[in-house]
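Sequence order for the protein chains is B and E.
Positions 17 to 359 (this note's numbering) are the ones given, in order, by the first sequence.
Positions 17 to 359 (this note's numbering) are the ones given, in order, by the second sequence.
One or more of the hints may lead you astray.
For chains that are exact copies, the list does not tell them apart, and a pair is met inside one copy or across any two.
Taking lysine to any residue and the SDA-like style, the derived pairs with C-alpha atoms no more than 20 Å apart in a straight line are [to be verified]: (1) K269 - T199; (2) K71 - L248; (3) K269 - G49; (4) K269 - R161; (5) K269 - T158.
For the record, the hints were derived by calculation from the structure and aren't laboratory data.
The structure presented is a predicted model; accordingly, all values stated were derived computationally and were not measured.
Residue strings, one per chain:
Protein chains: 2
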Amino acid sequence: MNQDYFAHYLPLIEDEMRRVIGDAPGVYARHYGMLRYHMGWVDAQMQPAVVNGGKRIRPMLCLLACAAVGGAVDDALPAAAAVELLHNFSLIHDDVEDDSPTRRHRPTVWALWGVPQAINAGDAMFTLARLALHGVSAGSATPARALEALAIFDYACLRLTEGQYLDMSFEGRLDVTVDEYLTMIGGKTAALLGASLELGALLGDADQAACGRLAEFGRNLGLAFQMQDDILGIWGDETITGKSAASDILTRKKSLPVVYALANPRVGAELRARYAQPIESEAVPAVLELLAQAGAHEYVSRTAQAAHQAALAALAASGVLVDGNEGGAALLEVAEMLLGRQS
Amino acid sequence: MNQDYFAHYLPLIEDEMRRVIGDAPGVYARHYGMLRYHMGWVDAQMQPAVVNGGKRIRPMLCLLACAAVGGAVDDALPAAAAVELLHNFSLIHDDVEDDSPTRRHRPTVWALWGVPQAINAGDAMFTLARLALHGVSAGSATPARALEALAIFDYACLRLTEGQYLDMSFEGRLDVTVDEYLTMIGGKTAALLGASLELGALLGDADQAACGRLAEFGRNLGLAFQMQDDILGIWGDETITGKSAASDILTRKKSLPVVYALANPRVGAELRARYAQPIESEAVPAVLELLAQAGAHEYVSRTAQAAHQAALAALAASGVLVDGNEGGAALLEVAEMLLGRQS
């Protein structure tokens, strides 16, 4: 049933995003072409392409929230496009900020067109995300509701920049606390997932309580999702994730297992010494051993599980998990899928 | 009288922007501190500072437009803050894109905190500009009007990214046309000035025709302003502009005098040859001679003058230039001041 929703919604989402970005001929062809490239619709020569443009999780959750509260998904479609375009804006800028030359097995926008154009392309994608959301005014949303949707969206954007700030500020530090880490992913990952669900519910005409619960579901899902990602980044199966094993150790990422172990009285000092300089692949087993001694895997699994449970509790409290509510059932399925994933 | 308006409005604008950015203690202190630094409110150690934060032309025009149509300026204050914050977002990213280490005699944000944090700080400033505009809902604006204001603002943002795209794409080219140049400044400079006036008029409760005329006034003022800037960038008096003489020649900027002369049948070929490689200061007189032979100064002065006249015609047509309308008179004064400036 879940798959039916994907099959039905994904083309709608894709069409809406294509409409918003447009294919601007003339002097701006390359400007918008860079955005279309990033979305996976064209290749670097701007010829139509069919490539992996990402999982479109956020817009799916947005539309499912709308359906689950009994709304018409067309009313939430502009918001679905908006949250996915916003996510992609953040990826374009993240790739510049992280100096990442590839994404989804293709060169990143900055790698092809240079950093200055990539920054500006990201700014354009950011703007188009907002303009996509204005589309709700053409549907059944009153001006007051459209305004509320824009405010939810804009505050989520602010949380995103706060989370990104913290994430980058962690790079030079060996004293990041678990609290700081949780604040960081609260902004960088959870805020937009929360907004995706809240917007879907709002535009589906849910009452304030249900909107709040679904936002909470989304935020907790985001936290659990990110911690799961942290686990895969260290202990994931290379043949399944497609990333090199222990990639987060080699890049010395301050993910939760590491942050947790850095504060461990027994292994913290040695881990800090190792993380104070580049880590070669020969040193990975020793780092894994330190993480094991700190019980980092168990701690993060437990914490992710708690966030997962909190997500499910909020979903149940929202009232959508009742017999016959297929949208609600689909939300539950997507949540289980996201947290059971191996890649 | 003009000066009275500046003395009265500037503190209001500054306070509103300070309120929107906030001074976030705790983990985000440095994130918001970078924005406060850029605005000229603190130094690099985040200590209070009094430095030149720019002319605040856009918010002044926004408030004057509101006053000129008989509105209460408090109703336009959130828009005034929004357009100035948006302008400053674009400066933070421009400085990264242009690799500029200083602005207003201080190190730029990227020069102090690195490119990744500067990109993200710009994204935060962009977001705060939008959040500032949401403030109109707390005033007399209906939700429908607030929504209209947000749409005007968001479309201006898109024009800004288009203009910036074109400007950067000119760098490697010697065949930029005058039309392309005009399209570029239409996006990069004129769109936001137009939106500043349109928002002020809209929030001052002007009718659609007056809003349109004032937007047109702003756009043409923007065009004239930019061309004036182009003239000063080549022929400005170093002791007045504070920039080195002929700075736009040394950086090989595709400003209007150069674009015009590049297409000149008599001197174009030689100018293209010179612009195909770095220009040393010894070569500046020869370039100036080519521009003189093409009549570039006269052409740009004439074109700027035409835009200036179009601006004044639109201002007159808006109906605000009547006896006793001090706001209208002040708009006229600001226009004359902007175009008569020597720096």
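Honestly, which of those hints from before does the structure not fit? 3, 4 and 5
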